[in-house]
Amino acid sequence: MLSAKLFKLRGGVHPEGRKNLSAERHIRTLPLPQKLFVPLQQHIGAPASPVVNVGDKVLKGQLIAVAQGAVSSSIHAPTSGVIVALGDHVAPHPSGLPVPTITLQSDGAENWIACETIADPFALTPEDIAARVGAAGIVGLGGATFPSALKLNLSRSSGVQTLIMNGGECEPYLTCDDRIMRERAAEIVEGIRLIAYAVAAQEILVGIEDNKPEAIAAMQAASVDTPVKVVAMPSMYPMGSEKQIIQVLTGKEVPAGGRPADIGVLVHNVATAYAVQQAIRFGKPLLSRLVTLSGGAIKTPCNVEALIGTPVEELIAFADGYAQPAARMVLGGPMMGQQFTNTNVPVVKGTSGVLALTASEIGQAEPSPCIRCSTCIRACPVGLMPVEMVSRIRASDLAAAVDFGLKDCIACGSCSYVCPAHIPLVHYFNYAKGDLAAQERTKLKQEATKKLADARNERIARIERERAEAAARRKAAREAKAAKAAAEKAAEEVA
Amino acid sequence: MLLSAIVSLTLLGTILGLLLGLAARYLKVEGNPLVAELEQLLPGSQCGQCGFPGCIGAAQALAEGSVSVTLCPPGGRAVAQLLAAKLGIEADLSGVADNVPRIAEIKEEICIGCTRCFKVCPTDAIMGAAQQIHVVFREACTACGKCEEVCPTESVKLQPIPATLQSWYWNKPTGALA
Amino acid sequence: MNPIAHSPHAHAPVSIPKVMGTVLLALTPATLFGFWLFGWPAINLWAVSLIAAILGEAFVVRMQGRAVRPVLMDGSGILTAWLLALSLPPYAPWWIAVLGSLFAVVVGKQVFGGLGQNLFNPAMAARVMLLISFPLEMTSWVAPAQAPGWLDSLRITFMSQPLDGMASASLLGHVKTEFTRGVGLDQALSGYYAPQHMLMGSRAGSLGETAAVLLLIGGLFLIARRIITWHAPVAMLLGVAVPALLFNAIDANHYAGPLVHLLSGGLMLGAFFIITDPVTSPNTAKGQFIFGLGCGLLTWIIRTWGGYPEGVAFAVMLMNAATPLIDQFVKPRIYGRDRKGAALSVEKR
Amino acid sequence: MNEKYARITKDGLWDNNVVFAQMLALCPTLAVTSSATNGLGMGLASTAVLLLSNIIISSVRQFISAEVRIPVYIVLIATLVTLVDMSLNAWVHELYKVLGLFIALIVVNCAILGRAEAFASKNSVFDAALDGLMMGIGFTLSLVVIGGVREILGSGTLFANAHLLLGSSFAFLETTIVPDYKGFLLMILPPGGFMVVGMLLAAKRVLDQRRAAREVVAVPEAVAS
Amino acid sequence: MSEYLLLLLGTALVNNVVLVKFLGLCPFMGVSKKMDGALGMSMATTFVLTLATAATWMLEHWLLMPLGIQYLRILAFILTIAAVVQFTEMVIRKTSPGLYQVLGIYLPLITTNCAVLGIALLNVQEKNSFMHSLLYGFGSALGFSLVMLLFTGLRVRLALAQVPPAFSGAPIGFVVAGLLALSFMGFAGLA
Amino acid sequence: MKLEELRGKLVYQGILLGGVALLTSAALSFASRATEADIKAAEAADLKQSLTQVLPGEYDNDLLKDTVTLHEPGGDVLAYRARRAGKVEAVVYRVTGYGYAGAIMCVMGVSREGKILGVRVISHKETPGLGDKIETAKSNWVHAFEGKWLGEPTADKWAVKKDGGIFDQFAGATITPRGVVKAVRGGLELFDKERATLLDETGAKP
Ligand SMILES: Cc1cc2nc3c(=O)[nH]c(=O)nc-3n(C[C@H](O)[C@H](O)[C@H](O)COP(=O)(O)O)c2cc1C
Ligand SMILES: Cc1cc2nc3c(=O)[nH]c(=O)nc-3n(C[C@H](O)[C@H](O)[C@H](O)COP(=O)(O)O)c2cc1C
Ligand SMILES: Cc1cc2nc3c(=O)[nH]c(=O)nc-3n(C[C@H](O)[C@H](O)[C@H](O)COP(=O)(O)O)c2cc1C
Ligand SMILES: Cc1cc2nc3c(=O)[nH]c(=O)nc-3n(C[C@H](O)[C@H](O)[C@H](O)CO)c2cc1C
Ligand code: SF4
Ligand code: SF4
Ligand code: SF4
Ligand code: SF4
Ligand code: FES
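Protein chains in written order, with my numbering: chain H, 1 to 495; chain U, 1 to 178; chain A, 1 to 349; chain R, 1 to 225; chain G, 1 to 191; chain B, 1 to 206.
Read the hints as simulated data drawn from the structure, not as lab findings. In this text, a Cβ means the ideal position worked out from N, Cα and C, and glycines have one as well. Any given hint could be a false lead.
As the list claims (entries may be wrong) - Just a sample of chain R residues kept apart from chain B, beta carbon distances all over 12 Å, derived:
(1) T9
(2) G148
(3) I177
Unchecked claim - Under the rule of at most 25 Å between Cα atoms (straight-line distance), these lysine to aspartate or glutamate pairs were calculated in the DMTMM-like manner:
(4) K433/H x D454/H
(5) K86/U x E447/H
(6) K162/B x D251/A
(7) K161/B x D152/A
Isolated chain H, as found in the complex (with noise of 0.2 Å):
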């Protein structure tokens, strides 16, 4: 079964992996928070809408907010407690801006909602499991935190030859999706055939980079006679990302602005499995997840079970604290991960792991002149040439980088990683993409008011005009009275 057919990943990177630091570590549980910080947009697509009012109480796995339109998710009480409060709270976000997040006083008690167990999950038809998982407020666990509920009913109706799980977490230091296989293969296995299921998919992988051997075993063991086939990769930054696992998997690529379901793939995430298994089977929605503490400046690096709306300050104190100053804070991993400040963000859905790391972990030095060494080039694993779309945007010139390829890049720093001048090459097409964006937002209400003013001008005008014809009218009537007067007159005189 491992020895199933891989095609080649170009370019990508090998960054040095520090998994062990966590690897070896069993998954623990949080203790309980005093308060949970539940932003209301954890996934990509429009916010929850609160159904909750400051002061209400609710149970664990209580609806707290609703999805709104048709990309969105909902949202679950983590725990038992009080909504002390509606408001702003710092976002696990660069900006670090104040989102809107329901603040929950845990009481302490654990208190279920009532869940419904289902002994024959197989029976449900594909809808009513595709409806649960998006009832239990599923998204993507590998960080694009698209709602799963979503993704399973596009698939499904677009028909899916190769559900794809993905397991390569190639990112260094995470270990939460390698803890979980090693644990609870068993339930992901069920997950993956649940998922499959509800998709009609014909072929099932498993891409599991081969720097975790112990996971590959497990998941190996768990998919004993079932149609799911465990593939070790080779190890190499971006292998877990969507796009490259297919290319890897399946020699397929998904043609530019296009979804992997248009080549008949649905790629989902060890984690997402879990869940969905847990929703399906136990009915219990999304109220957790697993994240990896790590870094070289944390004491003990490990990895828990912690809820969502955890502040992250509270994972550092369980994982004893620093062992030295932090250089910075990461949420999610090095290559694509985020600096925070704040440690009271809290823990989301999307966040696969808490790194405090110590500045030579991080290596990077004052940017210097690039000199077109290409070895961005050689490491981009989509083909693009970072160095010439640098130099354009530098040059304030989007629209040639865009003809370089900007809007393909998936943002995943090998070539910064690599870059030997240590220039911030994602950073400039962040910028780019969301200067962009910016651009695109503005002609949109240019046009719109546009649209707006020459309504106004029209009617303007035809006020005027109406105006205009009216006196014109008037002033004819007034006249043809007149004429008429006096042609009267004249007659009267004639008489």
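Model the placement of chains U, A, R, G and B with the ligands on the given structure of chain H, informed by the hints.
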């Protein structure tokens, strides 16, 4: 020899003159389609901040090349860039303050409902009736500032739009790369 | 003014000074061999080149009001001067080295804005400039291993003493001269050319270009350290060897064979250390291959039919000029798109 | 009025200099400036044509119709150039041999047509004459400077062979700056020509910037006092 | 045949119009900021230069020479060139609006491109035969196009470089042209 | 009609350009008349000056008019003859050598006895600083030919020193002098061969 020289060259000249005259007559380009295209790019709020009586005037001046592409404050940098691209010139955009997006806001406490702002707004972004508090539609306001000028109680003010998770994006890196 | 750093939060342990340092290291064996072969004058020349480049670069950077230290510390100026020195006749007078180094770092590099901004290879631009301006000094070669003493060397380098009795012609120059007299290749080569000497490098020529084997080893070291890739060097060697082979087969008395070409002149130095200059070469592997092929072909053409006995420097500059065009037309295929950049068609199942 | 003439003069000599600001007439500029003398000769010949063409075109400007404007200008200029060509050939034959082809090319010297279009066809005869003269002098000075730099660096002399152009009484101009100079061939060859022009352009820019900076500084001071 | 090829190579590379003969520098400097423009200019110049060398050769040999009025050469040539340009423009506009879009605005500029007149005059000076003249014109045009495209590529990249303010724009353009001319000296002695 | 209206007319444009052409060509024709003689004179003087450089001594005929054309395999050679009292005392003609960078054009003057009176290089493309020492402005090298003839030095010594002859080469540039020596020697051989024609001893009167 003298004669032949003069005759032949005169002939050459005459023929060429006729040719050019013909060419000019039959191959004339009508009007300047550029103006219309440029006008399309301008915000169209006819606010006059550029010093022309409305966007069409600005478009004409641009087509003649008598003004810089940075003339339109409401359009800001984005429009300047579009204009420069259309005209095929390299514009020095450093002068254009990438103006912080702003929007009109009405302080309800001091609005007396005089409807002046309502009447001048070129995009119908202000709603209200006489003696009532007026409101601004965020989507329609172009921050042209006309209402600010006419308000007798200074209750309309252009305020920067606060950044949100949706509008925030990374700044441009400023490392010494020279 | 965002105090927040963008991802990635990990970086490969690489830097520009490390890259340049590795290249210098790779050049060292061939340089030392040149010192041994040509003696003290070669060492003087090398030192003068480096000093002139460092001082000149410091001065112009200072004049622009930029920080001098980081510019000098990146090592590129030193590398440029080093490569220039290696491509000069070993007994050239000091002012050749000074003028060349200054031209390289000022006109070749700093007027463009410094490291990474220049369009032409600074060392080669300087070499070509020197060659056309001072053809006499730039084509006065010496026979190897007559290494003069230190005092004599000072006289040679700093007082432009004529090198009586030591003068020799380089192989390519000699062949060119003999052709003008109507002497055939066999006769011209006899006594002048022995492959094993050429390989080891005991021949007349520029300071650092003679030891083909040591240059090859240095080049392989760079490839192993992933500073350069094989594409450009291999393509350049092919670009010279293939036409040489063809024409040699047609008329052996007029066209030298591939081995003569590969082992003579600055080809080895050029192929591994000069056309691989990242700044002035195309940035895709395919582009680099085309670039190398062009360099090789032009070198061969200039050597064979042109007025100059050696063409490496010209070929490099000509291809430098074509680099932006190559970069414009040779791009990698983007994931999910075809070669032309259109999205792949959606084929289901 | 005086201001206007000052403006025209300043434009011609510096601000709108044919070579250094308008970047026109580059071919003769680069081709003949391997020595200061050649530059001077070419400059004087061009100045003559420029002056005459500006005068003639300005005085017939009412009669010219837009459609045949350019050909008429070109014919006029061509005639003037041919006249200059003949005169040089007849009376300053040595110089003619040096400037050769480039005399004929004064016709297409874009600068002359440019002045005809941009100035002479819109201004009075006197203004046009002044403009032509100043542009011509500006052009000549540029050529002499470029030629001078190239000659000094390239051969170590200045105004070599000036007697051929100006007569033997001007032989005193001929100076050897560096005796026994080895010669820096680059400067005399085409590449050096380009580079010298580039360097001089940069120098002019630095001077202009300095001047602008001084003016900015000067204004507040004036206000303060 | 090989003689003609050699002639073509010689005029295009060894005695390049722009870099060695110093003709056509204004468009070389002026229209080399964008690739489209350079391409258009190159094509237009190639077309006109080839046609104009043919036309001026005929003029010289069939009109000026028989009548002994060579002193009208400059005048007659420049008129003819203007006519050729005008004619080209009209024909292109009529037959291929697409091409006209590309070349249109560059055609009038060519009248004052001194390369056209220069090559015509050089042909007369060197007493070239008709075929020779034609190849000379075409080869020169090829040389012009080649360096034009190379130079444009370089300038496009230059626009992205961080050139010191004193040098940005035209000055560095000249330095690059100088280095390009330096490279082309390598062709000396070929052909 | 007003000028403004006229300007728009097609005929006007034709006439305008034609008229301008008329005027200018007329002007040029007259100018040509005026300068023709001077130009001819200047060119003649030019030629004469270059010829007399290699013809030391006094002659009493008009060099430029007294020419003879030799039909050689390598192309026609135009020779000018200098006479004293009707007798051809010396001849001048061009020879072409091939140097490092192409053709080197020389004129040489040969006396009645077959001795070289002088050699000058009129045009060459040799490298400045290396090969250009063949110009009198740069070195005296060409004067070495003066007084030499085919017997002095002997045939095998008519070469540069490097090739065993008596003429100097330049440091680092042997090809150029080699080319010139070969050309001059060829010129002397030509004189030998065509002596009768050149010296006007075939009977034709001047
Ligand atoms: C550069 C990059 C690296 C990624 N690495 C991983 C990974 O290691 N593991 C993973 O599950 N998803 C990874 N992803 C996210 C996947 O592309 C994809 O979104 C995810 O596997 C989908 O599964 P989900 O919907 O269950 O999250 C990565 C994405 C990118 C852009
Ligand atoms: C990179 C490089 C480029 C060179 N370019 C030239 C050149 O363009 N012209 C030249 O005459 N010599 C040039 N040289 C020097 C010659 O390569 C060489 O010294 C000379 O031609 C003799 O080579 P040989 O010893 O194999 O005969 C260059 C040297 C190097 C290292
Ligand atoms: C750039 C350059 C220019 C040269 N110019 C000339 C020249 O003008 N005349 C010449 O005879 N040789 C010239 N040479 C060739 C050599 O200097 C010379 O032919 C060769 O070294 C043989 O001369 P030698 O026998 O004196 O060493 C030139 C070589 C180079 C590289
Ligand atoms: C592999 C490699 C090769 C290089 N080759 C050259 C070279 O040939 N000439 C040169 O001036 N600099 C060379 N450099 C140094 C540096 O890139 C050069 O100074 C830049 O061109 C200056 O902007 C090289 C650097 C590297 C890493
Ligand atoms: S890796 Fe860095 S230095 Fe190298 S080409 Fe890319 S951006 Fe430039
Ligand atoms: S961040 Fe973008 S450009 Fe850089 S390697 Fe990843 S995909 Fe390529
Ligand atoms: S400033 Fe802009 S929006 Fe206002 S009138 Fe002028 S062009 Fe139109
Ligand atoms: S102009 Fe000012 S006071 Fe009047 S309605 Fe508008 S906001 Fe209110
Ligand atoms: S002077 Fe030659 S093109 Fe302008």
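Hints, verified against the model:
The non-interface label for T9/R is consistent with chain B: the shortest C-beta to C-beta separation is roughly 30 Å, beyond 12 Å. Every CB of chain B lies more than 12 Å from the CB of G148/R, the least distance being 19 Å, so the non-interface label holds. Even its closest Cβ contact with chain B, about 18 Å, leaves I177/R beyond 12 Å, as expected for a residue assigned away from the interface. The hinted pair formed by K433/H and D454/H fails the criterion: a straight-line CA distance of about 31 Å is larger than 25 Å.
Note on K86/U and E447/H: the hinted pairing holds, with a Cα-Cα distance of about 18 Å set against a maximum of 25 Å. Proposed proximity of K162/B and D251/A is contradicted: the alpha carbons are some 28 Å apart, above 25 Å. A distance of roughly 29 Å separates the Cα atoms of K161/B and D152/A; the hinted pair therefore is violated under the 25 Å criterion.
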